[in-house]
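Asker: When you read off a place in the sequence shown, starting at 1, and then add 92, the result is the number in my numbering.
In silico SDA-like pairs for lysine to any residue, Cα to Cα no more than 20 Å straight-line:
(1) Lys257 with Asn153
(2) Lys258 with Thr247
(3) Lys185 with Val237
Worth flagging that the hints you see were computed from the coordinates, not collected in a lab.
Because the structure is a prediction, the values reported are computed rather than measured.
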Amino acid sequence: MKILKFTFFLFILTTRTSYSQIKEWNTYDFDSIVSVDMPFDVYEIDTIINYKKIYELFSGNDSIRFNVKRMYLGKLYSNIETLPLPYDTNGLKEFYSNFTQIFSEFLGLELMSSNYIKYHHLVGNKYLFKNKNNQPIQEVNLVLVNKHLYSFTYTNINGLVKADKKLFFDAITFDENKDLRQFPVKSSALKKVFFGIFILLLLSFFLRFTTRKRNT
93 MKILKFTFFL
103 FILTTRTSYS
113 QIKEWNTYDF
123 DSIVSVDMPF
133 DVYEIDTIIN
143 YKKIYELFSG
153 NDSIRFNVKR
163 MYLGKLYSNI
173 ETLPLPYDTN
183 GLKEFYSNFT
193 QIFSEFLGLE
203 LMSSNYIKYH
213 HLVGNKYLFK
223 NKNNQPIQEV
233 NLVLVNKHLY
243 SFTYTNINGL
253 VKADKKLFFD
263 AITFDENKDL
273 RQFPVKSSAL
283 KKVFFGIFIL
293 LLLSFFLRFT
303 TRKRNT
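Make the full structure from the sequences, and use the hints.
Answerer: What follows is the structure, encoded as structure tokens:
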């Protein structure tokens with residue numbers, strides 16, 4: 093759990109910069125499988141922290157901030173997966189639930205709600221946080237796909253605006269034409285073994301039957 097907390101702490105670290113010039117929303121190809129819409133001037137960070145590749149797009153002004161992040165969770169330099177990756181839907185949901193306490197601890201915000209969401213066939217999780225006045229000020233959507241953890245965050249210290257939420261989160265697109273997986277591919281080696289055994293048994297039966305027929 094300590095490794096999980098430390099890794100996620102690195103994931104949510106970001107440069108706190110203010111922006112004042114407001115621009116229209118534009119569409120950006122975040123990577124080969126994800127595209128997003130963001131306002132203002134958009135900035136990019138591509139770095140490696142604690143042997144973890146982190147890529148980020150962010151924009152905002154003095155009170156509003158939009159973040160899109162991606163962190164690789166597979167084997168890298170250490171050849172060890174820092175976070176155990178889920179193997180089924182139940183494991184995936186448990187994976188997301190582990191972040192509930194971590195979010196509250198590192199963000200210093202109170203969790204308002206946590207719900208599973210779907211982007212086509214991909215299962216994600218939505219976290220909504222509030223301030224001391226019970227006003228929702230931050231929403232974070234997490235999606236694990238292809239051994240990458242994607243984070244989509246909208247923050248407004250004056251309270252989340254429904255129109256901005258819709259523009260940002262509804263525009264998140266995962267390319268369904270690409271191979272998108274949330275669980276490791278099951279090896280076909282075992283299937284091949286069973287198939288080979290079946291063929292051998294079938295041939296054995298056939299040869300026995302032929303031998304008996306000749307003897308009679």
